[in-house]
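Single-letter residue listing:
Number of protein chains: 2
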Amino acid sequence: MHLFDQSTALKRVSGEAPDIRFEGEASEHFKNMIGPYGGWSAAVLAKGLVEAAGPEMELVSITTDFLAGAREGPITLDVACDRGGKNTQFWNASLTAQGDKSPSNRAMGILSRRRDTLAWTEGSRPDAPPPEDCDRANLPMAWSRTVEMRPTQSPPFGTGKTRTDNLSWIRLEPDRPLDAVGLVALADTPTPRLFFVTGKPEMIATVSMTVYLHASPDDYAAVGADYMLIETHAARGGRGFYDQHARIWSRDGRLLATTQQIVWYKTTNEE
Amino acid sequence: MHLFDQSTALKRVSGEAPDIRFEGEASEHFKNMIGPYGGWSAAVLAKGLVEAAGPEMELVSITTDFLAGAREGPITLDVACDRGGKNTQFWNASLTAQGDKSPSNRAMGILSRRRDTLAWTEGSRPDAPPPEDCDRANLPMAWSRTVEMRPTQSPPFGTGKTRTDNLSWIRLEPDRPLDAVGLVALADTPTPRLFFVTGKPEMIATVSMTVYLHASPDDYAAVGADYMLIETHAARGGRGFYDQHARIWSRDGRLLATTQQIVWYKTTNEE
Chain A
837 MHLFDQSTAL KRVSGEAPDI RFEGEASEHF KNMIGPYGGW SAAVLAKGLV EAAGPEMELV
897 SITTDFLAGA REGPITLDVA CDRGGKNTQF WNASLTAQGD KSPSNRAMGI LSRRRDTLAW
957 TEGSRPDAPP PEDCDRANLP MAWSRTVEMR PTQSPPFGTG KTRTDNLSWI RLEPDRPLDA
1017 VGLVALADTP TPRLFFVTGK PEMIATVSMT VYLHASPDDY AAVGADYMLI ETHAARGGRG
1077 FYDQHARIWS RDGRLLATTQ QIVWYKTTNE E
Chain B
837 MHLFDQSTAL KRVSGEAPDI RFEGEASEHF KNMIGPYGGW SAAVLAKGLV EAAGPEMELV
897 SITTDFLAGA REGPITLDVA CDRGGKNTQF WNASLTAQGD KSPSNRAMGI LSRRRDTLAW
957 TEGSRPDAPP PEDCDRANLP MAWSRTVEMR PTQSPPFGTG KTRTDNLSWI RLEPDRPLDA
1017 VGLVALADTP TPRLFFVTGK PEMIATVSMT VYLHASPDDY AAVGADYMLI ETHAARGGRG
1077 FYDQHARIWS RDGRLLATTQ QIVWYKTTNE E
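Read top to bottom, the protein sequences are chains A and B. Each residue of the first sequence is one higher than the last, beginning at 837 in this note's numbering. Each residue of the second sequence is one higher than the last, beginning at 837 in this note's numbering.
Be careful, since some hints might not be right.
[Claimed, not checked] For lysine-lysine, the following PhoX-like pairs were computed, each having C-alpha atoms within a straight-line distance of at most 20 Å:
id: 1; chain 1: B; residue 1: LYS1036; chain 2: B; residue 2: LYS997
id: 2; chain 1: B; residue 1: LYS1102; chain 2: A; residue 2: LYS937
id: 3; chain 1: A; residue 1: LYS922; chain 2: B; residue 2: LYS937
id: 4; chain 1: B; residue 1: LYS1102; chain 2: B; residue 2: LYS1036
id: 5; chain 1: A; residue 1: LYS922; chain 2: B; residue 2: LYS1102
To be clear, the hints were calculated from the coordinates, so they are not data collected in a lab.
Work the whole structure out from these sequences, hints included.
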């Protein structure tokens, strides 16, 4: 089993839809600076929703809030359905480290039995050198052994930058076929925008991330385990928070997901 | 009292922080085609969070899901705090029409005691003719008497368009000083992207909207009751859902909010 699937495995321990409890584990393989990699937490929440809603329902939208850093070790994931229509269902989820009194993460997710409609894509995949020509980012955190990132340019950090748009090839490594849960995990790969502005790593914490999933089963099959290109920009930082927006494209130009997050930081002008 | 404030007024009926119940009313003044204008629902949820958290906490982020169209008449708004740190608090809210068994709207919101940090804005306000030179959009729905919209060009609807980016001046009308709750209401003003693609109104329903609030107290004071420019684009539509992304700028170029939503539709290729 792929390390990503091992690390997001869930065991249903009680309940029937619409109220289900799962148990899992925050493993050392997705350790970040403090707590697990945010993409792991978001993926576990997404996986609980997908497993609870059943195979005919696809994840359309998920918003994950990061209330506190989860600890390593066993976790409990509670999911429930707030409104369960035949074609569109609204679920919630919360992830709690066993022994903690309040959740480390919570989410609202929308799942749908999708059907054919008029379809269009706005814009197109940005030009970029192929991933084979880009160097892999080597980060000291455990999760970056499983989440591969190849920025299309050398680290573009620069003091005082106020345009942080950049591109990176991403995938789960080694080869793992793409699905909605993998896409949610990869939505958290962009280098924090603040690092571009100040030119160095800073203390940051994502507080909320939203992912809209556009990929169809055909798109997932076409991507397989190939690299995807994530195109990221931001808008404003100030008074402790900045935002970040990204699009995830397949190599052949399919728009797979759009995502945004808002991030806490404390860097002041004096530093 | 401004009609917007009348229509979003809440009465605290029970509870103390962190679990509070409010009552209000879905009035005829914010009627849309089906149920109330989404910006009204989002604003009521935001207002409950702001009133519950208290005056020192500012709304940083809110995600509102639209589970069902609320009916006109009395509503109940329940808010609770999932994690209440001194500087950052994570709240949830749900809005239920009195007599209904399940909520029509739910939200997760993050509030913070904000403090000075390094600050920057990426990009700048797009060029646009001043609002005084743009015609007001006259829509048949009640809410458009209070939510003023002045697109910067004639309705740019066109069959088969796959670039739907456009600009519109917006404000609450008549003069009402801007605040976070007003900004959340205005985040739902963009003309649905699908209308641009097909060239005509279609049945649509926003299922989830997220707003990140960047405006500082100085920014709110500087805007006052003036027009703001909303810059909107989209990314992909297909299999029943499309996304929409927008930035709200002050006339003098302050980035006040970024927002995104995902929208259900059923238009097929055959129509």
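Outcome of the hint check:
Between LYS1036 (chain B) and LYS997 (chain B) the CA atoms are separated by roughly 12 Å; this keeps the pair inside 20 Å, and the hint holds. Of the supplied pair hints, the one linking LYS1102 (chain B) and LYS937 (chain A) is violated, its CA atoms being roughly 43 Å apart against a limit of 20 Å. Between the alpha carbons of LYS922 (chain A) and LYS937 (chain B) the distance comes to roughly 17 Å, so the proposed pair stays at or under 20 Å and holds. A hinted pair counts as satisfied when its Cα atoms are at most 20 Å apart, and LYS1102 (chain B) with LYS1036 (chain B) qualifies at roughly 14 Å.
Restraint check for LYS922 (chain A) and LYS1102 (chain B): satisfied, since their Cα atoms lie roughly 15 Å apart, inside the 20 Å limit.
Checked against the numbered hints given earlier, this structure breaks only hint 2.
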